[in-house]
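Chains as they are written, first to last, in the working numbering: chain Z, 41 to 379; chain U, 109 to 438; chain B, 458 to 743.
Only true hints are included.
Computed list of lysine-lysine pairs in DSS-like fashion (alpha-carbon distance at most 25 Å, straight line):
{"no.": "1", "chain 1": "Z", "residue 1": "K136", "chain 2": "B", "residue 2": "K594"}
{"no.": "2", "chain 1": "Z", "residue 1": "K132", "chain 2": "Z", "residue 2": "K378"}
{"no.": "3", "chain 1": "Z", "residue 1": "K132", "chain 2": "U", "residue 2": "K172"}
{"no.": "4", "chain 1": "Z", "residue 1": "K225", "chain 2": "Z", "residue 2": "K181"}
It should be emphasised that the hints constitute simulated quantities derived from the structure, not laboratory data.
Since the model is a prediction, treat every value here as computed from it, not as a measurement.
Listed here are the chains, written in short residue letters.
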Amino acid sequence: MKSSKFARKILATALLAGVTATASAQMMINGAGATFPYPIYSKWFDEYAKVDPSVRFNYQSIGSGGGQKQILAQTVDFGASDGPMSNENLAKAPSKLLHIPTVAGADVVAYNLPGNPTLKFDADTIAGIFLGHIKKWNDPKITALNPGVKLPDQEIVVVHRSDGSGTTYIWTDYLSKISPEWKTKVGTNTSVNWPTGIGGKGNEGVAGQIKQTPGALGYVELIYAIQNKMPYAEVKNAAGEFVKPTLESITAALATADIPDDFRFSMTNAPGKDAYPICGATWLLVYEQQKDAAKGKKVVEFLKWAINDGEKMAKDLDYAPLPENVQQRVLKRIDEIKM
Amino acid sequence: MEAATAPAIMRGEPLSAAAAMKRPSRFGDKAFEWLTLAMALTVAVLVILIGWQLWQGSLLAIRKFGFHFLTTSTWDPNAEEFGALPFIYGTLISSLIALLIAVPLSIATAAYLTELAPWWIRQPLASLIEMLAAIPSVILGLWGIFVMIPWLRDYPFPWLKRLFGWTPFFTGPIYGPSMLAGGIIIAVMILPIITSVSREILRSVPDLQREAAYGLGATRWEATRIAVLSYAKKGLFGAVILGLGRALGETMAVTMVIGNTPQIAASLFKPGYTLASVLANEFTEATSDIYLQALFEIGLVLFGVTILVNLLAQLLLRTITTTSATRAVQ
Amino acid sequence: MDTRRSDNHPWRRFKSALASVIAFISAAFVITPLGLVFFYLLVNGASSVNWAFFTKLPAPVGAPGGGMANAIVGSLELLAIAGIIGIPVGVLGGVYLAEYGSARINSILRFLADVLNGVPSITWGVVVYGLVVLRFKGFSAYAGGLALGLIMIPLIVRTTEEVILLVPNGYREASLALGVGRWKTIVHIVMKTASKGIITGILLALARVGGETAPLLFTAFGNRFWNHSLNQPIAALPLQVFTYAISPYDDWHRQAWAGALVLVTGIFCVNVLVRVLTRGRGASVV
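Given only the sequences and the hints, what does the whole structure look like? Please build it.
Dropping the structure here:
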């Protein structure tokens, strides 16, 4: 009985392997990294398969850290990261590694209050809440910004991310910029030592937590707030305006942010009048010198398509495309990739 | 069975009718023994392999933090200060809660399935329970957030607080995500494995045992307790250890309901954090070297905790079973 | 037992009845959360389980009619590889611990197996990543199957050992007395008697690894498309479910629930199928 079970198993596997091992004429290019852009990248790769049927791009979201590690180890053909690579890591690359920004998103302040009011926050209050100084909803700092909204005498249940993430990177980057106390006490990273609050896993976990807990407040990617139909706040930006997080306000932030030549930039607290202050871009990581000429050619063709045509699809999926001026600079950088 | 007690035929002495039979193959016996030995040794090989990889991956961190890693409570990737104490606490407490809930339920269910349930329901029910071992952790976690936690927050938790709020274990505000919720969801995850294995153990107890007990006038419960449960003690303990293993290493479902706050608090309503959770949560996104090494060290610490807990379990086993024959005697 | 004390009987009968009730309630307590989860899966996912689900590849967001065909096939392939590695090693290892060896060595190996059962699945993934993926500079179905197979080994070793230990010695002695050699006795008599238990252990292990995600992240990697070579990344149902479950889109959520539903039901079918095929094979212990 046992031997025949084994035989059957082996036979089945052999058949399956034989059937599926038909040599495919398609090239497969593997990429790994950030979870934030997964939906738009998968849309791009699907559309591109129609443009060029000879190649298949397989992208898996194993996390920005994973993406950086894999491209450094060269187990994938390109990486993706929600935060720019640190100098320390970049130095480990066997050859020059390029950062190619693709789209941008925003962290919104989502909350759970009766009546779903639209609240206004400024840098001080947000920092105060997340540092644990502001504990209640009807704290004078919050009521001052929101006259006319009935805020309950209830404890704010702060929800943050427990897993490492680009979303947290953007959030803490912003807080570090506008709050010296945050900068020294906590700092900027994909995962930090939170002074207060409970941790939810993933954007999904945080959104779920907020929706289920009355009086909760936390930060999630814009897409999640929209798709989950959660109320989110307007935030005062560096120019003093209260801005609602929208695709336009994100692109406005991109347009006025200071973008250095190697594209490793931070766009939080951008100076523009219409800019939403808490947003960040995501990057593709490719080597300047491609190892495999055939694959390299395909990668370059795809990147060009992504900037020229792919960007147009971003808005439908609630991602902010790069503004024109940045797109031109990126295209020039893509031209520098050698086979 | 040792070779010294093998029957005469194996020693080559002829017997009347059996003398005409073919001698059993010595080579076959030896080869089989070596084969199974090799397979069993893979367990040792794997342990060494994992220990080695974890050690290699955390050398920097070990050198930097030394013993403090086990005694400090700060987990700060930015300041690069890492301490594993709250995670060790969380792992131990959540696993303990899970075992306290799951073990009695599982063994009672296994007893129900083997002794009390109508015969036509036994296998289908058992298969259903086994199937539930396949529920992906992330799905259970999401169910935990959307169904279990709201229910816990509205009914059992306030009730517990009313009854036991005077003890340090059930004080403080009730948010929902908590150590207790983490323990409960681990319990749900390990129920299938402990129940299924216990059922197999109980099923393997020879009927003669039961018959003997009934023959002496025992009631159903007495027969079950004396003839079946105590006979299968060692096996049942093995089933519990299997469940414990799963409990210590459980990640996804726990991290979604435990609150993920590295702190040591007596109250079970407060959020907590486990070794496996922090490893799974931060591993894919850790970018700096020391951060990654600290996470590897968490893996190493978990490995160590698992070894210690299992050692304790073995000691416990010594006290509840005799050291005599490990074989079933008819 | 003192037969003169006949007033003992009602109390003992009451205890027995109480124990039965408690056992029944416990069973209910065990079934309930599991039943609730399954019900939740049904309610949320059943609507997305259609023909397209089983035959189509994943579609991007907004495009209807996507499916998880490649993930289903991928999981089957991974489980097959895992089984080839895990089942023989596990079963034979368990046989050794139950039949041979010395008390000392066996208790050490048993202990080590228990420790392995407590290793979180992400650690297994990282270990196989270091062993296979880095060495061969690529993710593959082999690596994924290996990771899953390794997880199965200690589980199957322990369950096999436990049930074989419970086979009465009389069986072995009778067989040996009839002149059947040692290894044949073990395989044809002992293992056959314990076969139902061994199979339960195997099915439990398969169910366990069938739903695992973490070890596959760094080994099998995942694949949006069909896998054409076991040396390439391959899709798996739990991976796909995970990716969709943590996304923001309702449509993908429903597909995640559907995927989980298919996964759990698939394991159930395998379970039932194997039970039916091996019905009556193992002798019941008398």
